[in-house]
Amino acid sequence: MLPPDIDARFMSLALTLGRRGLGRTWPNPAVGAVIVREDGGKPVILGRGWTQPGGRPHAETDALLRAGAAAGGSTMYVTLEPCSHHGKTPPCSDAIIAARMARVVSALEDPNPKVAGEGHARLRAAGVRVDVGVGADEARRAHAGHIRRVRDGRPHVLLKLALSADGKAGLPGRRPVVLTGELARERVHLMRAQYDAIMIGIGTALADDPLLTCRLPAMLALSPVRVVLDTHLRLPTESALVRTAGETPLWVIAGLSAPDTSEQALRAHGAEVLRVGEIDDRLDLTMALRLLADRGITRLMVEGGPTLAAALIRADLIDEAALLHGTRSLGLGIDALAGLPLTALTRSPGFVPHAIEMLGEDRLEMFERG
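Using numbering that gives the first Met the number 0, read the sequence shown as starting at 0 and increasing by one per residue.
None of these hints come from the bench; they were simulated from the model.
On a predicted model such as this, the values are computed, not experimentally measured, just so you know.
Fair warning: there could be bad hints in the mix.
Quick list of simulated restraints, FRET-style, between CB atoms [claimed, not checked]: (1) Asp130 to Gly39: 21 to 27 Å; (2) Pro340 to Arg139: 27 to 33 Å; (3) Ile44 to Pro340: 46 to 52 Å; (4) Asp130 to Thr15: 17 to 23 Å; (5) Asp130 to Arg55: 49 to 55 Å.
Ideal Cβ positions, reconstructed from N, Cα and C, are used throughout, including at glycine.
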């Protein structure tokens with residue numbers, strides 16, 4: 000007889016495997032799967048799988064390929080309900096049935112209306128035992144982008160802020176300044192690699208001329224799609240973002256009234272220009288996020304600046320926040336949230352502290368929706 004905590008242990012492994020796909024499987028969720036059988040009272044792993052880049056093959060299919068014929072009579076641990084509909088590939092639930100598996104332990108029912116319990120129902124109808132809910136809380140975090148896109152038509156949004164010891168985001172006049180150390184910067188690059196897209200406003204693009212890529216060793220290819228909100232298309236073609244548009248995708252979201260000549264110039268350098276409506280001469284943020292979701296983005300990291308951060312908070316479009324606190328005080332400087340106190344985030348009833356981590360002398364503080 001296997002120990003009673005075995006389901007939690009192998010679901011934890013499946014969740015770890017699934018995270019390997021974060022940032023690379025959109026528009027599909029990054030699912031993990033483990034196939035296990037009992038052998039002499041001990042668990043033996045037959046196959047591991049996770050959603051592959053671009054969303055195919057799915058985690059279940061990947062694990063079944065590794066397990067082969069040995070999968071018959073075994074148990075699969077999977078972080079999201081196996082699909083039940085024909086898309087680019089046949090349903091995973093059918094593959095599990097064909098493999099003659101005895102049991103499926105699923106963390107969550109898939110909110111996608113094309114699935115929504117049908118995968119579990121199909122398995123049960125074929126005589127497969129199905130248990131749902133093991134590791135559900137962690138699975139909801141892992142699949143937050145998929146869930147948000149399906150339910151609300153927008154990506155899951157993480158706001159990242161780098162702050163001085165006295166809560167400032169930069170020097171007067173929007174002059175850039177280094178606020179955190181190397182370990183914190185490495186963590187930011189790792190976070191970028193786990194998101195589908197990274198977004199800034201045109202103010203940050205003009206002030207900092209950033210690349211927004213993942214510059215950890217051998218990880219440049221894992222850089223997310225770079226998105227700039229630029230109502231009037233002021234992004235210069237000589238900027239670092241535009242110069243590298245042929246290497247790492249660059250999407251510029253503009254207003255309907257932005258000049259066509261500027262759009263043509265950006266497109267000539269490899270950038271994509273998308274358009275949404277405006278409210279009081281500013282882009283409609285809700286429509287901008289819906290546009291990204293329509294293009295498959297499930298997880299969006301926002302890196303700047305104070306104006307965009309405050310606007311997203313006012314619009315209730317932030318799901319998670321990562322605050323990196325440096326040790327340097329600036330005195331006079333730019334507030335982290337334009338027109339709002341930092342407490343609008345850190346002491347808001349809508350957000351709760353999730354984790355604190357030291358990165359050298361810097362501190363990473365995580366918040367999530369309450």
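Hints, verified against the model:
Under the hint 21 to 27 Å, the C-beta atoms of aspartate 130 and glycine 39, about 23 Å apart, fit the expected range. At about 30 Å, the CB distance of proline 340 to arginine 139 agrees with the hint of 27 to 33 Å. Judged by the Cβ atoms, the range 46 to 52 Å given for isoleucine 44 and proline 340 holds: they are separated by roughly 51 Å. Taking 17 to 23 Å as the suggested C-beta distance range, the pair aspartate 130 and threonine 15 conforms, at roughly 20 Å.
Here the CB-CB span from aspartate 130 to arginine 55 is close to 27 Å, at odds with the stated 49 to 55 Å.
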